Amino acid sequence: MHAPFKSSAQMLTDVTGGQIGAAWPDLASAMGLVQGGKLKVLAVTGRQRHPSLPQVPTFAESGIQGLEPYGWYGIFAPAGTPEKVVRKLSAAWVDAVRAAPIHARMLEMGLVPAGDPYDAFAAMLRTDTPIWGKAIQDGGITLD
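Read in order, the letters of the sequence shown correspond to residues 133 to 276 in the numbering used here.
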(Lines of atoms letter the chains of each structure in order from A; the text may use other names.)
(Lines give C-alpha, C1' and ligand atoms only; values in the text may rest on other atoms or scores of the structure.)
Protein backbone atom coordinates (compact mmCIF):
# COMPACT_ATOMS: atom_id res chain seq x y z
CA MET A 133 0.00 0.00 0.00
CA HIS A 134 1.32 3.43 -0.92
CA ALA A 135 1.68 5.73 2.08
CA PRO A 136 2.64 9.27 1.00
CA PHE A 137 4.91 11.31 3.26
CA LYS A 138 5.78 14.97 3.08
CA SER A 139 9.43 14.31 3.87
CA SER A 140 12.02 11.56 4.12
CA ALA A 141 12.47 12.46 7.79
CA GLN A 142 8.79 11.79 8.54
CA MET A 143 8.89 8.49 6.64
CA LEU A 144 12.05 7.36 8.42
CA THR A 145 10.59 8.29 11.81
CA ASP A 146 7.54 6.14 11.08
CA VAL A 147 9.50 3.13 9.82
CA THR A 148 11.97 3.17 12.74
CA GLY A 149 9.06 3.66 15.14
CA GLY A 150 7.18 0.69 13.73
CA GLN A 151 4.20 2.63 12.33
CA ILE A 152 5.01 1.27 8.86
CA GLY A 153 6.76 -1.99 8.05
CA ALA A 154 9.04 -0.87 5.25
CA ALA A 155 10.01 2.19 3.28
CA TRP A 156 11.85 3.19 0.12
CA PRO A 157 13.93 6.19 1.20
CA ASP A 158 16.85 7.68 -0.62
CA LEU A 159 20.02 6.25 0.87
CA ALA A 160 21.47 9.68 1.65
CA SER A 161 18.55 10.36 4.01
CA ALA A 162 18.69 6.92 5.61
CA MET A 163 22.43 6.27 5.85
CA GLY A 164 22.83 7.55 9.42
CA LEU A 165 20.06 5.22 10.59
CA VAL A 166 21.57 2.34 8.62
CA GLN A 167 25.02 2.95 10.14
CA GLY A 168 23.43 3.27 13.60
CA GLY A 169 21.71 -0.10 13.25
CA LYS A 170 18.19 1.39 13.25
CA LEU A 171 17.41 0.36 9.66
CA LYS A 172 18.33 -2.67 7.61
CA VAL A 173 18.76 -2.22 3.87
CA LEU A 174 17.19 -5.16 2.05
CA ALA A 175 18.25 -4.26 -1.49
CA VAL A 176 19.51 -1.32 -3.54
CA THR A 177 18.43 -0.08 -6.94
CA GLY A 178 20.83 0.21 -9.81
CA ARG A 179 22.91 -2.29 -11.71
CA GLN A 180 25.69 -2.52 -9.13
CA ARG A 181 25.89 -2.80 -5.38
CA HIS A 182 26.43 0.43 -3.50
CA PRO A 183 30.14 0.94 -2.69
CA SER A 184 29.35 1.81 0.95
CA LEU A 185 27.10 -1.25 1.35
CA PRO A 186 28.85 -4.04 -0.57
CA GLN A 187 27.04 -6.71 1.47
CA VAL A 188 23.61 -5.49 0.29
CA PRO A 189 22.38 -7.07 -2.96
CA THR A 190 20.76 -5.23 -5.83
CA PHE A 191 17.08 -5.91 -6.52
CA ALA A 192 18.16 -7.97 -9.55
CA GLU A 193 20.40 -10.11 -7.36
CA SER A 194 17.41 -10.56 -5.04
CA GLY A 195 15.31 -11.92 -7.91
CA ILE A 196 13.42 -8.74 -8.85
CA GLN A 197 14.34 -7.94 -12.44
CA GLY A 198 13.88 -4.61 -14.19
CA LEU A 199 14.00 -2.46 -11.06
CA GLU A 200 17.04 -0.34 -11.72
CA PRO A 201 16.04 3.26 -11.04
CA TYR A 202 18.61 5.45 -9.39
CA GLY A 203 18.68 8.95 -8.06
CA TRP A 204 21.13 11.66 -8.88
CA TYR A 205 21.94 15.19 -7.91
CA GLY A 206 23.07 17.81 -10.35
CA ILE A 207 24.11 21.41 -10.53
CA PHE A 208 22.28 23.61 -12.99
CA ALA A 209 22.90 27.11 -14.31
CA PRO A 210 20.32 29.48 -15.79
CA ALA A 211 19.55 29.08 -19.48
CA GLY A 212 21.77 31.37 -21.50
CA THR A 213 24.77 31.11 -19.17
CA PRO A 214 27.84 31.55 -21.39
CA GLU A 215 29.53 28.29 -22.41
CA LYS A 216 32.84 29.48 -20.96
CA VAL A 217 31.23 29.98 -17.52
CA VAL A 218 29.46 26.61 -17.68
CA ARG A 219 32.71 24.84 -18.55
CA LYS A 220 34.54 26.58 -15.69
CA LEU A 221 31.82 25.71 -13.15
CA SER A 222 31.68 22.13 -14.42
CA ALA A 223 35.46 21.67 -14.15
CA ALA A 224 35.44 23.05 -10.59
CA TRP A 225 32.59 20.67 -9.65
CA VAL A 226 34.35 17.64 -11.17
CA ASP A 227 37.57 18.51 -9.32
CA ALA A 228 35.69 18.95 -6.03
CA VAL A 229 33.79 15.66 -6.29
CA ARG A 230 36.94 13.76 -7.15
CA ALA A 231 38.93 15.30 -4.26
CA ALA A 232 39.54 12.65 -1.60
CA PRO A 233 37.77 14.31 1.36
CA ILE A 234 34.61 15.19 -0.57
CA HIS A 235 34.55 11.86 -2.40
CA ALA A 236 34.84 9.96 0.89
CA ARG A 237 32.20 12.08 2.62
CA MET A 238 29.73 11.59 -0.23
CA LEU A 239 30.19 7.80 0.03
CA GLU A 240 29.61 7.99 3.81
CA MET A 241 26.35 9.83 3.13
CA GLY A 242 25.12 7.09 0.81
CA LEU A 243 25.87 8.94 -2.41
CA VAL A 244 27.87 7.56 -5.31
CA PRO A 245 30.13 10.41 -6.44
CA ALA A 246 30.19 10.65 -10.21
CA GLY A 247 31.38 14.16 -10.93
CA ASP A 248 30.56 13.96 -14.61
CA PRO A 249 31.45 16.93 -16.83
CA TYR A 250 28.41 18.93 -17.91
CA ASP A 251 28.22 17.48 -21.41
CA ALA A 252 28.01 13.90 -20.02
CA PHE A 253 25.41 15.02 -17.46
CA ALA A 254 23.38 16.75 -20.19
CA ALA A 255 23.50 13.56 -22.30
CA MET A 256 22.24 11.52 -19.33
CA LEU A 257 19.36 13.98 -18.86
CA ARG A 258 18.42 13.70 -22.54
CA THR A 259 18.30 9.89 -22.16
CA ASP A 260 16.54 9.74 -18.77
CA THR A 261 13.87 12.41 -19.27
CA PRO A 262 11.75 10.50 -21.83
CA ILE A 263 12.16 7.22 -19.90
CA TRP A 264 10.90 8.74 -16.64
CA GLY A 265 8.23 10.75 -18.45
CA LYS A 266 6.82 7.55 -19.98
CA ALA A 267 7.00 5.70 -16.64
CA ILE A 268 5.12 8.53 -14.93
CA GLN A 269 2.49 8.68 -17.66
CA ASP A 270 2.06 4.88 -17.96
CA GLY A 271 1.82 4.53 -14.18
CA GLY A 272 -0.66 7.35 -13.80
CA ILE A 273 1.64 8.82 -11.19
CA THR A 274 0.57 12.08 -9.60
CA LEU A 275 1.87 14.18 -6.73
CA ASP A 276 0.23 13.52 -3.37
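These are calculated hints, taken from the structure and not from any lab test.
Misleading hints may appear alongside valid ones.
Per label pair, the in silico range of CB-to-CB distance [what the hints assert, rightly or not]:
no., residue 1, residue 2, range
1, Asp270, Gly164, 18 to 26 Å
2, Gly150, Arg230, 19 to 27 Å
3, Ala252, Pro183, 16 to 24 Å
4, Thr148, Pro214, 45 to 53 Å
5, His235, Gly168, 36 to 44 Å
6, Leu221, Trp264, 22 to 30 Å
7, Leu174, Asp251, 19 to 27 Å
8, Ala155, Val244, 37 to 45 Å
9, Gly195, Ala236, 18 to 26 Å
Bear in mind the structure is a predicted one, so any value in this text is a computation, not a measurement.
Ideal placement from N, C-alpha and C gives every residue a C-beta, glycine not left out.
Against which earlier hints does the structure fall short, listed by number upward? Failing hints, ascending: 1, 2, 5, 7, 8 and 9.
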